[in-house]
Structure formats: structure tokens, C-alpha cells
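Counting from 1, position 161 in the sequence shown corresponds to residue 161 in the numbering used here; the numbering is continuous, with no gaps.
Please keep in mind that the hints were generated in silico from the structure rather than gathered at the bench. Even glycine gets a Cβ: it sits at the ideal position worked out from N, Cα and C. One should not assume that every hint holds.
[To be verified] Per label pair, the in silico range of CB-to-CB distance:
1. L109 / Q72: 36 to 44 Å
2. Q68 / N133: 23 to 31 Å
3. W105 / N134: 30 to 38 Å
4. S32 / V103: 28 to 36 Å
5. R113 / G20: 16 to 24 Å
[What the hints assert, rightly or not] Calculated lysine to aspartate or glutamate pairs in the EDC-like style (CA-CA distance at most 20 Å, straight line):
6. K59 / E15
7. K59 / D82
8. K142 / D89
9. K59 / E110
10. K59 / D89
11. K142 / D53
12. K142 / E119
13. K142 / D82
14. K142 / E48
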Amino acid sequence: MTNTRVLVLRHGQSEWNALGRWQGQANPPLTSLGIQQATDAAGLLATECPHFDLVITSKLERAHLTGQTIAQILGVPTVHVDNRWQENDAGEWQGLTPDEIRVQWPGYLESGRRPPHFETEESTNQRVGAALNNIAEENRGKCILVISHGGVLRLLRAHLGGQDQRFPNLSGSWFEHNESSGWHLGSLLYPLQLIADDLRNNGAVE
1 MTNTRVLVLR HGQSEWNALG RWQGQANPPL TSLGIQQATD AAGLLATECP HFDLVITSKL
61 ERAHLTGQTI AQILGVPTVH VDNRWQENDA GEWQGLTPDE IRVQWPGYLE SGRRPPHFET
121 EESTNQRVGA ALNNIAEENR GKCILVISHG GVLRLLRAHL GGQDQRFPNL SGSWFEHNES
181 SGWHLGSLLY PLQLIADDLR NNGAVE
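When you get a sec, could you build the whole thing from the sequences and use the hints?
Below you can see the structure in the form of C-alpha cells.
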């Protein structure tokens with residue numbers, strides 16, 4: 001029985017990433033560095049899966065353009081948009097920097113509290129879990145690439161028993177589905193770090 005393999009990656013650097021602003025479901029575009037990150041990562045992804053059958057992205061531009069860039073380089077003809085993969089709604093914090101949040105919501109970041117209209121973990125897990133299950137149902141035995149968001153990745157791995165951790169741009173995780181035993185956590189993947197390490201080991205980076 002062949003497992004369904006799904007690689008979920010965070011998008012490339014956006015303009016608000018560069019400014020340190022909390023994005024949520026706002027739609028800032030990729031920076032030129034973000035596009036370059038997607039281009040650089042694509043070559044390494046080809047070694048992770050010889051043939052991605054499908055690329056799925058959230059509807060937010062930073063994820064969609066990342067997915068389109070990678071799909072074009074890898075020769076994947078189909079890029080689907082699934083709104084369920086978008087970032088969790090940051091509510092009142094959308095567009096704010098951590099320093100601004102600390103001024104307006106003192107103690108919240110340090111204690112893990114969220115403002116009233118911040119999307120709950122339960123809500124995010126429900127929609128993302130449904131999207132992941134749909135992939136397994138519709139793409140049995142295939143290799144699928146999903147371009148999503150850091151908050152989604154954190155919650156998804158934690159929901160399946162992994163450690164809570166942050167994901168830099170263009171990093172992510174494999175998830176594998178077996179028809180008998182369901183979903184299992186796969187390995188973490190840091191393409192940009194691996195590329196930098198390879199360049200350093202070959203003397204290209206001083």
C-alpha cells in the first residue's frame with residue numbers, strides 16, 4: 001500500500017515579514033528576496049520528490065506566488081488554490097509589530113494570550129485538518145506540495161503530536177498518510193539552510 005506524501009512549506013519572505021509586522025490574513029506581496037527564495041528552494045525540492053503531482057496554495061498572494069514560482073520551475077502544470085490553507089486570522093493584531101502589540105496589549109505576547117478576534121486554534125485545526133484529509137482522499141499514493149503559512153504549520157504539527165516550533169520562510173514539514181493508520185509526521189525540511197550549508201561546504205561562502 002503506497003502512502004500519500006504531503007510537503008507543507010511556508011511561503012517566501014513578504015513585505016510585512018521584512019518589516020516584522022503580524023500578517024494574519026492580510027495580503028502583503030512577496031519581496032524580491034521572497035521570489036528568489038522560492039526559486040532557490042525549487043531545485044532542492046526536486047530531490048525530495050522526483051515528481052510532485054500537484055501544488056496547492058492558500059489564496060493569499062505571498063503563498064500563491066511562491067507556489068506558482070516553484071511549480072513553474074519543477075514543471076508541475078496544476079496549481080490549486082484552497083482557502084482553508086490560509087494563515088490564521090490575527091484579528092486586532094493584523095499589521096502590528098511585536099513592539100506595537102506590547103504597547104496596546106501589555107503582557108499578551110509573553111503570556112500567550114490573544115485578542116478577542118484572533119482565530120482560535122480549534123478553528124484553524126478544523127479547517128486545515130479537513131483540507132489535509134481531502135488531499136489524502138483525492139490523491140492516494142501521490143506526492144503533493146502545499147504552500148501555506150507559519151502559523152498553520154505550527155498548529156498542524158502540534159495537532160499531530162509534534163513539538164511547537166517556528167518555521168522560517170520556505171521551511172516546512174512532510175506529512176504521510178497511510179490508509180490503515182492515518183496521518184503521521186514526517187521529517188522537517190529547511191531548503192534554504194541546506195543550500196547555504198552546501199555552498200559553505202564547497203567553499204562558495206566565506
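Hints, verified against the model:
1. L109 / Q72: 36 to 44 Å: 38 Å, holds
2. Q68 / N133: 23 to 31 Å: Check passed, 25 Å falls within 23 to 31 Å.
3. W105 / N134: 30 to 38 Å: Taking Cβ atoms as reference, W105 and N134 lie about 36 Å apart, which means the hint holds.
4. S32 / V103: 28 to 36 Å: The hint (28 to 36 Å, Cβ to Cβ) holds, given that S32 and V103 are roughly 31 Å apart.
5. R113 / G20: 16 to 24 Å: This hint holds: roughly 20 Å between Cβ atoms.
6. K59 / E15: 17 Å, holds
7. K59 / D82: Roughly 6 Å between the alpha carbons, so the hint for K59 and D82 holds.
8. K142 / D89: 30 Å, violated
9. K59 / E110: 31 Å, violated
10. K59 / D89: 13 Å, holds
11. K142 / D53: 6 Å, holds
12. K142 / E119: 31 Å, violated
13. K142 / D82: Given that 20 Å is the threshold and the Cα spacing comes to 18 Å, the pair holds.
14. K142 / E48: 13 Å, holds
Comparing the model with each numbered hint stated earlier shows that hints 8, 9, 12 do not hold.
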